[in-house]
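Mapped onto my numbering, the consecutive letters of the sequence shown carry residue numbers 132 to 481.
Derived from the structure by calculation, the hints contain no laboratory data. Be careful, since some hints might not be right.
Claimed, not checked - Straight-line C-alpha distance at most 20 Å; calculated EDC-like pairs for lysine to aspartate or glutamate:
hint, residue 1, residue 2
1, K221, D270
2, K221, E425
3, K221, E351
4, K221, E271
Unchecked claim - Computed spacing ranges between beta-carbons, pair by pair:
hint, residue 1, residue 2, range
5, F445, A469, 53 to 63 Å
6, T399, E360, 50 to 60 Å
7, R222, W242, 42 to 52 Å
8, Y475, E360, 31 to 41 Å
9, E360, F432, 26 to 36 Å
10, A184, A469, 46 to 56 Å
11, W242, G466, 32 to 42 Å
Don't be surprised by glycine CBs; every beta carbon is placed ideally from N, CA and C.
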Amino acid sequence: MRAFETDLPFRLDRLRWSRWHWLVVGTLGITWILDGLEVTVVGNLGPRLQQAAGLSLTSSLFGAASSAYLLGAVCGALVFGYAADRLGRKRLFLVTLGWYATFTVLTAFSWNFASFAIFRLLCGMGIGGEYAAINSTIDELIPARHRGWVDLAVNGSWWFGTMLGSGASIVLLNPAAVDQRLGWRLAFGLGAILALVVLALRRALPESPRWLLIRGRLAEAEAIVRNIETHVPAVDVPIGTPKENPRIAFVERQATTFADVARTMLLTYPRRTVLALSLMVSQAFLYNAIFFTEALVLSTFFGVDASNVGYYIFPFALGNLLGPILLGRAFDTIGRRAMIATTYLVSGVL
Numbered sequence: 132m133r134a135f136e137t138d139l140p141f142r143l144d145r146l147r148w149s150r151w152h153w154l155v156v157g158t159l160g161i162t163w164i165l166d167g168l169e170v171t172v173v174g175n176l177g178p179r180l181q182q183a184a185g186l187s188l189t190s191s192l193f194g195a196a197s198s199a200y201l202l203g204a205v206c207g208a209l210v211f212g213y214a215a216d217r218l219g220r221k222r223l224f225l226v227t228l229g230w231y232a233t234f235t236v237l238t239a240f241s242w243n244f245a246s247f248a249i250f251r252l253l254c255g256m257g258i259g260g261e262y263a264a265i266n267s268t269i270d271e272l273i274p275a276r277h278r279g280w281v282d283l284a285v286n287g288s289w290w291f292g293t294m295l296g297s298g299a300s301i302v303l304l305n306p307a308a309v310d311q312r313l314g315w316r317l318a319f320g321l322g323a324i325l326a327l328v329v330l331a332l333r334r335a336l337p338e339s340p341r342w343l344l345i346r347g348r349l350a351e352a353e354a355i356v357r358n359i360e361t362h363v364p365a366v367d368v369p370i371g372t373p374k375e376n377p378r379i380a381f382v383e384r385q386a387t388t389f390a391d392v393a394r395t396m397l398l399t400y401p402r403r404t405v406l407a408l409s410l411m412v413s414q415a416f417l418y419n420a421i422f423f424t425e426a427l428v429l430s431t432f433f434g435v436d437a438s439n440v441g442y443y444i445f446p447f448a449l450g451n452l453l454g455p456i457l458l459g460r461a462f463d464t465i466g467r468r469a470m471i472a473t474t475y476l477v478s479g480v481l
């Protein structure tokens, strides 16, 4: 294994915020928009899929199909996440987004529960693969002083997708506007169209220089950083000579195994692992429990028509969308620890 030193991470961190960084945020945030759209559309489709105009699913079968999507996301994160470490971030970003678009379209052609559940599982794999690389890419391309806000903004875009899904369901599930044998199928086409548009934008994103450095591809990483500096010439820190810039030591390695990951999580950072899993599991349980079942609860216990369920999602989605905008900067100024603890406690009380 070859060891070397470089100042490339410092040069990425000193860049001033620019349109290039907005491109990164936009092309990454689309994943969360797609997932928000998916979860909301499918959740709102629940009552319709139980009818003859849908797939005549029972409540338990609909819940099983929703679980298949989540199982796919977990499998996708493991499989595609491993591939992203082996083959590179950019390549997998294109593969997973194309994978998602393909199986979302196929979901629209489902003919029974089995086909619907299988397509949902495979669609979830694409989303899970996207998740695996998003936060890594934020860490690798976004300057450190902006990462807290960017992470929140990208993850918060989920709620923009929720609002899109709610609005779409109001129209597509309205019998007066769309034939109900066709409306729920058209709903799945929205995510695929959005994914294909962003697929073209993602081609402009470079490979992660930090990933290239770990693989020992110093010349390629240097060329990418120089190109970024050409588009973002202004810096917050004066440019110094290579000897004056802070340098980081890298040890070349071609693969990170699951054993390496397990060793890091369980032996090196066990407390951080428990904390991170607790936070992720609790928020995922809460949000998925709400958005996979709220439509059924509203229609079954409150008599809300399936075409009107979207109206009940809008206020909640709007509040969540405003959260990163109003509180995001505080995560970079006040600090992650204080803000995470405070927001979780306040959310729990509410």
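Hint check results:
no. : hint                    : in the structure
1   : K221 - D270             : holds, 14 Å
2   : K221 - E425             : violated, 36 Å
3   : K221 - E351             : holds, 14 Å
4   : K221 - E271             : holds, 12 Å
5   : F445 - A469: 53 to 63 Å : violated, 31 Å
6   : T399 - E360: 50 to 60 Å : violated, 34 Å
7   : R222 - W242: 42 to 52 Å : violated, 34 Å
8   : Y475 - E360: 31 to 41 Å : holds, 39 Å
9   : E360 - F432: 26 to 36 Å : violated, 58 Å
10  : A184 - A469: 46 to 56 Å : holds, 51 Å
11  : W242 - G466: 32 to 42 Å : violated, 52 Å
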